[in-house]
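Could you put together the complete structure from these sequences and hints?
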Amino acid sequence: MTGCAAGVRRPGTGELTVSPTICDICFWKCAGIVYKDGGEPWKVVGNPNDLHSRGRLCTRGTAGLGAYLDPDRLKTPLLRVDNNGNQRFKPVSWDEALEFIAARLRKLASDHGPEKLALFSHGSGGGHFKHLLQAYGSRSFVAPSFAQCRGPREVAFKLTYGEGVGSPDRTDMEHSRCIVLIGSHIGENLHNSQVQTFAAALHKKAKLITVDPRFSVPAGKSDYWLPIKPGTDIALLLAWMHVLIQEDLYDRDYVTRYTHGFTELKEHVRKFTPEWAYPITAIPAARIRETARVMAANAPATLIHPGRHVAWYGDDTQRLRAVAILNALLGSWGRPGGYYQQEKVALPNYPIPEYPKITARVQDANRGKYPEAYAGVSTAVFDASIGPDALYKAWIVYGTNLPLTVPGVAGRLQEAADSLDLIVAIDIQPCEVTGYADVILPECTYLERYDTLRNAPERRPSLALRMPAFKPKYDSKPGWWIAKQLGKRLGLGDYFPWKDYTEVLEWQLKQVGSSLAEMKKTGVKVFPRTTPMYFTEGTDIEFNTPTGKIEIYSTQLAKLGFDPLPKYSAHQEPPPDYYRLNYGRAPAHTFGRTQNNKYLFEIMPENVIWVHPTVARKWDLENGRYVRLKNQDGVESNRIRIRVTERIRPDSVFMAHGFGHTAEGLRLASGRGADDAALITNIPHDPIMGASGMRANFVTFLEDEV
Amino acid sequence: MTRYAMVIDTLTCVGCGDCVTACKTENQMPDGLTRDWVVETTTGEYPNLSTEFRSERCNHCSHATCVYVCPTGASHFWRDTNIVLVDSGKCTGCKACIAACPYDARLIMHPEGYVDKCTFCHHRVENGLDPACVSTCPTHCMHFGVLDDPAGKVSTLLRTRNYKTLLQETGNEPNVYYLT
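In order, the protein sequences belong to chains L and U.
Each residue of the first sequence is one higher than the one before, counting from 1 in the numbering used here.
Each residue of the second sequence is one higher than the one before, counting from 1001 in the numbering used here.
Errors might be hidden in some of the hints.
[To be verified] Computed, partial: chain U to chain L, Cβ under 10 angstroms:
#1 Cys1016
#2 Asp1018
#3 Cys1019
#4 Thr1021
#5 Gln1028
#6 Thr1034
#7 Thr1043
#8 Leu1049
#9 Leu1085
#10 Thr1092
#11 Lys1095
#12 His1122
#13 Ser1135
#14 Thr1139
[Said to hold, decoys possible] DSS-like mimics (lysine-lysine), calculated; alpha carbons at most 27 angstroms apart, straight line:
#15 L/Lys36 <-> L/Lys471
#16 L/Lys204 <-> U/Lys1095
#17 U/Lys1090 <-> L/Lys205
#18 L/Lys207 <-> U/Lys1164
#19 L/Lys499 <-> L/Lys477
#20 L/Lys477 <-> L/Lys520
#21 L/Lys205 <-> U/Lys1095
#22 L/Lys204 <-> U/Lys1153
#23 L/Lys393 <-> L/Lys369
#24 L/Lys207 <-> U/Lys1153
#25 L/Lys229 <-> L/Lys630
#26 L/Lys369 <-> L/Lys559
#27 L/Lys107 <-> L/Lys477
#28 L/Lys477 <-> L/Lys369
#29 L/Lys520 <-> L/Lys36
#30 L/Lys471 <-> L/Lys90
#31 L/Lys357 <-> L/Lys107
#32 L/Lys488 <-> L/Lys499
Keep in mind that the hints were calculated from the coordinates and are not lab data.
On a predicted model such as this, the values are computed, not experimentally measured, just so you know.
Using N, Cα and C, we set each Cβ at its ideal position, and we do this for glycine too.
Next comes the structure, spelled out in structure tokens:
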């Protein structure tokens, strides 16, 4: 019964060539392998030796070729010109664009000082421009991954344990016997090894407790779903601590040996009973007790997951402190199934002259606020870029689409552009922020360039190589080349002594006993660990905190005048006829960067707004029909389709982030779905470290009149 | 007939669609067409809910009605297995197979004028590899193997776990199994 197979197409029958890469479709930086079939792009798959991908790329990484193939990519440098009062972009040569920027930056340095240049960056190529900035004389680089994302978590864990969670997160889920997710929707966010280790825990029947106002994907796999009233997580966390302490379920040995301030905590949470928490959180007291007991029964292999995007309400550092403390009570930090200790490769930097010494810091933009902001706060840098006393007169914006990324800035970008002497946008696609630039530089995609070696902390130290699989399309160039060219034109050539970035890679690899030739073959090199992955039981450990202990009671916060133990305070409630706007990830997209990728567009061309059936009945909302949303400040969204679902509390709505593009150059994405960031106009800032609280916004429904 | 089966664990599937992009790139699918897709079902009322995510495709039935109805012999079993393929050279695009498929799994008309469908990545299977979707799944919820091998992965899963197939009542004997 052999069929005539001649008529069935078999892909991959041409001459196959492979080359290693590091995915850049999100920030997880999975190592992959690019296949060409007869010289044509075929596919990108995970590198089996890589701990980030474990040989499997996610939905987005698998679709990585879509970024390379996108016909809407930036193709040539563009310069803003005034044409009889009309602003437009004129294609120019690299020489003209680079010389234009260099002339402005030379003038900036002589007129105002080089510290007036700020860099917004996100993504692995940002390092080349941080280097350029420091050589030029500025340390003002800022990434939304701090104040708009995981900054509160890093600060809270540093305050408690003396070190942050890091990225990739040091969660040891494959060994967890109980995982608690608080607003974290693993599986909808596809951080590759997180999802894989989470799934491994599910396979092994780990207990799963999910706290989420939405029946998220992991909620559907949970033993316990706690549909919490939004904004009340600290009350639940305090009640859990109360149960663990009152019922003597905490890890007494661990707490005694390693922590500072347990007595104060015990007193502090005495009154925060589950009965106290119930009317606040809507989680019944018995349920709070039961879940606390499940956590304790599986400790220390119980992971209270720290989440990632945790900039929610303006008291986020305190909420994450509560998460950190709960982990300490369970003894999970430094233990299998909790948080492991990461290791990276001791990789020397290519020798270059010392950077000029400067006193200006990116924290100057905070104007005395946010004492624990160890990194730049993007909203503060933005604010400090407007007006006569502005700290910044020029920006380089690398791969950071500010209006969709940093809520609250969209409406003031023109004002910033008017105030600044120069905005340079470096990107692969014509997105919203590039429209405000004076000069746009087209970077080639990750599949067309060398980049810095990936040396991320993990279970084992490893290096990974990104190398070009293809020649840069159009007139796009690698980030390292752009930075070097600008450096050369600014008289900073000594800081870029290499002709080609491969010289840097070759030198660095040689220092650790490898070579570029080896890495081109393997893509990933894994090194042996030199330190233990977990605490050695029974030994004392010096933590990098003022007391040398895990600070349940934060001496640093006490000194700064903040609550040394987390407290619950009520947040604003939705006004009548309004619903809390919650937002999150969809597995097919990364922020607002992938909506124009044809593969990912096909899976999810636009976002939808989730509403509970009772809300749908009240507003006569039909599944699939378009509406517009209006927030508490009167801001209206683009049209978005209704999704009526039982999977959400009736007091809130939900949409995936990253949609509602207005940049017309993104022909697939433009005008599709609604932009959550635009609806986030009420933004309480975390007084400890400056995070933007993004979940303090409420929306109602408008007829779509189109 | 050697029976190949796909076993998909709905308890760990997160519905991410990686199987869809993996198939699209592996099989160089034309824009707008896919051979597999993800179905989400929610049952119950808030807050007593359950969800199921399922990656669906051709079931490569042991009794494949699409093969029996094909007037030109384009639809055929590959090398005495249950893997159902379409020979594009013989397919006239009459769509009889589309009508005969209880799963709506052959709805694809390739721009070049023939019916297209999941091949279980037979070009990988003959080299001892899993289909592209199985090999990329980040939750490791998809499994592939020979059903007749009692010690094999898929047989073991079906022996030790609860499972279902879709539209069992049609008698097509589908070979994509869902662990529940």
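Q. Which numbered conditions among the earlier hints are violated in the structure presented, ordered from lowest to highest?
A. 10, 11, 16, 17, 21 and 28
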